[in-house]
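A.B. asks: Kindly generate the complete structure, drawing on both the sequences and the hints.
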Amino acid sequence: MKKRAFMDSRDNLSGYLFLAPWLLGFLILTLYPMLQSLYYSFTQFDMLTAPQWIGADNYVKMFTGDPTYLKSLQVTFTFVFLGVPLKLAFALLIALIMNQKLRMIGFYRTVYYIPTLLGGSVAIAMLWRQLFSGEGVVNAILGSFFGLTNLPSWIANPQYALYTLVLLTVWQFGSSMIIFLAGLKQIPDEYYEAASVDGAGKLVKFFRITLPSLSPVILFNLVMQMISSFQAFTQAFIISAGRGGPLDSTMFYTLYLYIKGFYHFEMGYASAMAWTLLVIIAVITAVIFKSSGNWVSYGSGD
Amino acid sequence: MTNTMPKVQTHRAEKAMLAKILSHVIIIAFGVTMLYPVAWLIASSLKPGNTILSDPRLFSASFSLEHYIQGWQGVGRIHFSTFFINTIFICVLVVIANIISCSMAAYAFARLKFALKALWFGIMMLTIMLPTHVTTIPRYVMFNSFGWVDTYLPMIVPKLVATDAFFVFLLVQFIRGLPRDLDESATLDGCSKVGIFFRIIIPLSAPAMVTTALFSFLWTWDDFFNQLLYINTPAKYTISLGLRMFMDSTGQSSWGPMFAMSVLSMIPCFILFFSLQKYFVQGIATTGIKG
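Order-wise, the sequence lines are chains A and B. For the first sequence, the numbering used here assigns the number 1 to the initial residue and increments by one for each residue that follows. For the second sequence, the numbering used here assigns the number 1001 to the initial residue and increments by one for each residue that follows.
If you're looking for bench data, these hints aren't it; they were derived computationally from the structure. Bear in mind the structure is a predicted one, so any value in this text is a computation, not a measurement. Just so it is clear, CB atoms sit at the ideal spot from N, CA and C, and this is done for glycine as well. A hint or two may mislead.
Said to hold, decoys possible - Listed next, with one range per pair, are the computed distances between beta-carbon atoms: (1) B:1113 to A:70: 44 to 52 Å; (2) B:1204 to A:46: 50 to 58 Å; (3) A:145 to B:1092: 39 to 47 Å; (4) B:1122 to A:134: 32 to 40 Å; (5) B:1276 to A:103: 22 to 30 Å; (6) A:103 to B:1128: 34 to 42 Å.
C.D. replies: Given below as structure tokens:
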């Protein structure tokens, strides 16, 4: 008994010795800042003077007295709910085409990953800004190949600017594609063979075998892409030169948070925004997981 | 009867062949469209003068390095090489810090027994999904009070304490897959937990560590938010911030040099990607690294 207790404490010692850096980081750089930003969110705070408690005023103002905030919500939701499904659909489509015994498949996979490799950088965001400007290459191509004239500047037009950013995120479907390809390889050939014997066509096989077998992977991709899309920042910042324009049409949530916190020094307000974002993401994640019972199948039973 | 059989078979083979050719055509056509913007960026950076912007062609009669020469001179009297050196400096330290701290935590979670392990593991997994912005402002206030604003410490120190939980998870998954017999026989030989970590776990997890190093490097290389937040002095700027200076200095004339420097900034990513492709695919496929 005594020896057991001694062993336990030695186990604990070595366990916590290795865990120490992570634990320290979690307590000091994650948990404590989280609680602190929750506190700031109920204060008025400009970093120069001590935070002033103002109750829920920041939250009330966000939803009742700040049209730019509401606009940023609308822009971000459009971006997420359009960009993520399109990206996953493309990734799945290309993965299906690639999931055959084709020559050069390794090469293709590599090439398709390149946009994902580069896409998050400032360099690509600036390139996008140029491609979709009034005198940009996209308009030059549309003009010379399709004879279109009077084309707008896509990034300077509030009607279209957001969609150039959606296109930019869909363009980076490479990593989702690789995950789908890995998932497709896991589906046993016998399933398809058995279905063929039963006389099932390609579409039936896709909906009855491929999609259900892939559903856990789709769930995972959906959640991770959703979370990272809500936090998109660099592209909107570069394309709108840090202002979220034109007419706030590219005012992503995190961009507005940055502007509030670090241009206007309304740190309390920015903290309230951060916590609201956390709640939004948590709720959507919960809804996706809750609904997943209906469309995600684990195991080989079904 | 005897005549139709081979006919049906050749017909089928032809159909399969056609399907394959069609797949190749679709993949190539789509791939070319996707890569066109990047190819155009590279081509334009090598064209002389300022007519490059609305010219969609990839090939031109003349070829010039003028944009590279001009871009390398930098903006606002700071050489672009400074931005490269600064970025490489941060990236190398981040990679080292991440490998040490994340592999330690991963070893604890994957192999050691200690009180509250399940709780900490659950929390660690949750932090992967946590939007970074809930900690941004208090961290800024904290680092500001340490006098760390306008230094690289806010980008490096958090990596020393394994705040990139994603890599902890990646390494946990890998270490769990290693055979336990090795640990057990090492224990019988009198090897301590620390000894097992250094002699068995670290050497065997090399592939997962390469993946960790690779993504740590690339994500830091492409990072913009933290650099924008913490670095104010142009002499301390990174490549991301340096490229943005071209945008601020407006005027058509800066597009050429900006394109040239953009291309240079991508070269390390390309080199790493093409030389370590295997680790990319492994890393993404086993843990589903976010894009």
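A.B. asks: Could one say that the CB atoms of residue 1122 of chain B and residue 134 of chain A fall in the range 32 to 40 Å?
C.D. replies: Between residue 1122 of chain B and residue 134 of chain A, where Cβ atoms are some 52 Å apart, the hint is violated.
A.B. asks: Return holds or violated for the Cβ distance of residue 103 of chain A and residue 1128 of chain B against the range 34 to 42 Å.
C.D. replies: holds, 38 Å
A.B. asks: CB of residue 1276 of chain B to CB of residue 103 of chain A, is that within 22 to 30 Å?
C.D. replies: holds, 23 Å
A.B. asks: 50 to 58 Å was suggested as the range; check whether the CB atoms of residue 1204 of chain B and residue 46 of chain A agree with it.
C.D. replies: Given range 50 to 58 Å: holds, Cβ gap about 52 Å.
A.B. asks: Please check whether residue 1113 of chain B and residue 70 of chain A have a Cβ separation lying inside 44 to 52 Å.
C.D. replies: At roughly 51 Å between Cβ atoms, residue 70 of chain A and residue 1113 of chain B fall inside 44 to 52 Å, so the hint holds.
A.B. asks: Lying within 39 to 47 Å: is that true of the beta-carbon distance residue 145 of chain A to residue 1092 of chain B?
C.D. replies: holds, 46 Å
In terms of the numbered hints stated before, the structure departs from hint 4 and from no other.
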